[in-house]
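*Asks:* Start from the sequences, fold in the hints, and give me the full structure.
For the sequence shown, the working numbering begins at 9 and goes up steadily by one.
A few of these clues could be false.
Said to hold, decoys possible - Listed below are the simulated DSBU-like cross-link pairs for lysine-lysine, each with C-alpha atoms no more than 35 Å apart in a straight line:
| # | residue 1 | residue 2 |
| --- | --- | --- |
| 1 | K101 | K29 |
| 2 | K196 | K81 |
| 3 | K153 | K191 |
| 4 | K145 | K160 |
| 5 | K153 | K209 |
| 6 | K45 | K207 |
| 7 | K144 | K196 |
| 8 | K191 | K207 |
| 9 | K191 | K209 |
| 10 | K115 | K200 |
| 11 | K29 | K200 |
| 12 | K29 | K153 |
| 13 | K200 | K89 |
| 14 | K191 | K165 |
| 15 | K209 | K89 |
| 16 | K115 | K191 |
| 17 | K160 | K29 |
Stated by the list, open to error - Restraint ranges, calculated between C-beta atoms of paired labels, are given here:
| # | residue 1 | residue 2 | range |
| --- | --- | --- | --- |
| 18 | M180 | Q141 | 24 to 30 Å |
| 19 | T59 | T177 | 37 to 43 Å |
| 20 | T74 | P159 | 43 to 49 Å |
| 21 | P78 | S205 | 21 to 27 Å |
| 22 | F210 | Y20 | 25 to 31 Å |
| 23 | L77 | I14 | 31 to 37 Å |
| 24 | V132 | S205 | 19 to 25 Å |
| 25 | P78 | A149 | 18 to 24 Å |
| 26 | S131 | L77 | 36 to 42 Å |
| 27 | N22 | G102 | 35 to 41 Å |
| 28 | N118 | Q32 | 36 to 42 Å |
| 29 | P159 | H97 | 20 to 26 Å |
| 30 | P78 | G170 | 42 to 48 Å |
| 31 | Q138 | M16 | 35 to 41 Å |
Because the hints were derived from the structure by calculation, they are not lab data.
Glycine included, C-beta positions come from ideal geometry on N, C-alpha and C.
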Amino acid sequence: MADKEITMHPRYRNVAYYEYKGMQQPIFCYQSGIDLKALARAYDQLDNLFTYHSRVTVALIQFNQTTQLPHNKHLSKFIYKLKTLCVEHYNIKGERFGYAWAREGGKNGNNQHYHIAIMIDGSVCNNAYQITQLAKKACQAINPKYSIYAPKRNEFKLHRTGDEHRLRTARMRASYAYKYATKEHTPKGVRKFGTSSIKPKFTDR
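*Replies:* Below, the structure written as structure tokens:
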């Protein structure tokens with residue numbers, strides 16, 4: 009795959025450096041390619057949330073469906089329900105509930121699921137476990153047959169400054185979901201990626 013914004017790692021397979029805002033961010037990059045525009049939008053949501061909070065907790069979860077649908081309506085309902093639960097539990101503003109998702113269908117298009125990154129003010133949320141529990145509750149409200157999976161090491165406690173390594177690690181982990189592979193069976197016109205709409209905080213100088 010050729011892309012001027014990407015430089016493949018000289019030693020590690022499926023790892024590359026992506027030039028993001030002047031920095032060389034390591035990402036997972038497979039032969040099929042990666043959607044850099046969608047990935048950048050996800051990264052931007054985290055950056056925008058950092059303009060309001062010095063700490064952000066990121067939880068990576070997977071929303072699994074038992075049915076293959078030509079739309080993302082059930083995901084939208086899940087996100088809305090999870091947002092409502094998080095706003096109530098953490099006492100945060102709804103417009104600062106951050107998320108980014110990527111749809112996948114599996115190799116044969118018969119395993120519809122979504123990789124989701126949830127981003128919340130780190131001063132009120134200091135672990136991914138509670139987010140996962142709320143996600144399971146939201147999931148059951150949508151369809152009792154659906155499920156939430158929390159991968160190993162799915163928690164990232166990030167700081168606006170002073171911990172660049174952890175931030176880069178979180179970004180790299182999230183990049184896996186933005187590969188083109190396993191998305192080939194998504195129906196035409198159906199979104200493969202989505203994010204919250206957090207706007208950056210502007211301050212007068």
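*Asks:* Could you run down the list of hints and mark each one as holding or not?
*Replies:* Against the structure, the hints:
Restraint check for K101 and K29: satisfied, since their Cα atoms lie roughly 28 Å apart, inside the 35 Å limit. With a CA separation close to 15 Å, the supplied pair K196 and K81 stays within the 35 Å bound. With a C-alpha separation of about 23 Å, the suggested pairing of K153 with K191 holds against the 35 Å cut-off. Distance check on the hinted pair: K145 and K160 sit about 20 Å apart at the alpha-carbon level, within 35 Å; holds.
The straight-line distance between the Cα atoms of K153 and K209 is roughly 40 Å, outside the 35 Å bound, and the hint therefore fails. Only pairs whose Cα atoms come within 35 Å are accepted, and K45 paired with K207 is accepted, the gap being roughly 17 Å. Taking the CA atoms of K144 and K196, the gap is near 30 Å; set against the 35 Å cutoff, the hint holds. For the hint pairing K191 with K207, the CA-to-CA distance comes to about 28 Å; that is within 35 Å, so the pair holds.
Our distance criterion of 35 Å between C-alpha atoms is met by K191 and K209, whose separation comes to about 34 Å. With a C-alpha separation of about 15 Å, the suggested pairing of K115 with K200 holds against the 35 Å cut-off. Proposed proximity of K29 and K200 is supported: the alpha carbons are some 24 Å apart, at most 35 Å. With a CA separation close to 41 Å, the supplied pair K29 and K153 exceeds the 35 Å bound.
Taking the CA atoms of K200 and K89, the gap is near 20 Å; set against the 35 Å cutoff, the hint holds. For the suggested pair K191 and K165, the alpha carbons sit about 29 Å apart, so the restraint of at most 35 Å is met. Proximity of K209 to K89 is assessed by CA-CA distance (about 26 Å); at most 35 Å being required, the pair is judged to hold. With a C-alpha separation of about 8 Å, the suggested pairing of K115 with K191 holds against the 35 Å cut-off.
At most 35 Å may separate the alpha-carbon atoms for a hinted pair to count; K160 and K29 meet this at roughly 29 Å. Roughly 26 Å separates the CB atoms of M180 and Q141, a value that falls within the hinted 24 to 30 Å. Between T59 and T177 the Cβ separation comes to about 21 Å, which falls outside the hinted range of 37 to 43 Å. Look at T74 against P159: about 19 Å separates their beta carbons, and that is not inside 43 to 49 Å.
With their beta carbons about 24 Å apart, P78 and S205 fall inside the hinted range of 21 to 27 Å. The beta-carbon spacing between F210 and Y20, approximately 39 Å, falls outside the hinted interval of 25 to 31 Å. Checked against the hint of 31 to 37 Å, the C-beta distance between L77 and I14 comes to roughly 32 Å, which is consistent with it. Remark: the range hint 19 to 25 Å for V132 to S205 is upheld by a beta-carbon distance near 21 Å.
For P78 and A149, the hinted distance range of 18 to 24 Å is satisfied, since their beta carbons lie about 22 Å from each other. Look at S131 against L77: about 37 Å separates their beta carbons, and that is inside 36 to 42 Å. Distance hint for N22 and G102: a CB-CB separation of about 37 Å, consistent with the stated range 35 to 41 Å. About 37 Å separates the C-beta atoms of N118 and Q32, a value consistent with the hinted range of 36 to 42 Å.
For P159 paired with H97, a C-beta distance near 22 Å keeps the hint of 20 to 26 Å intact. With their beta carbons about 46 Å apart, P78 and G170 fall inside the hinted range of 42 to 48 Å. For Q138 and M16, the hinted distance range of 35 to 41 Å is satisfied, since their beta carbons lie about 38 Å from each other.
Against the hints set out earlier in the document, violations occur for numbers 5, 12, 19, 20 and 22.
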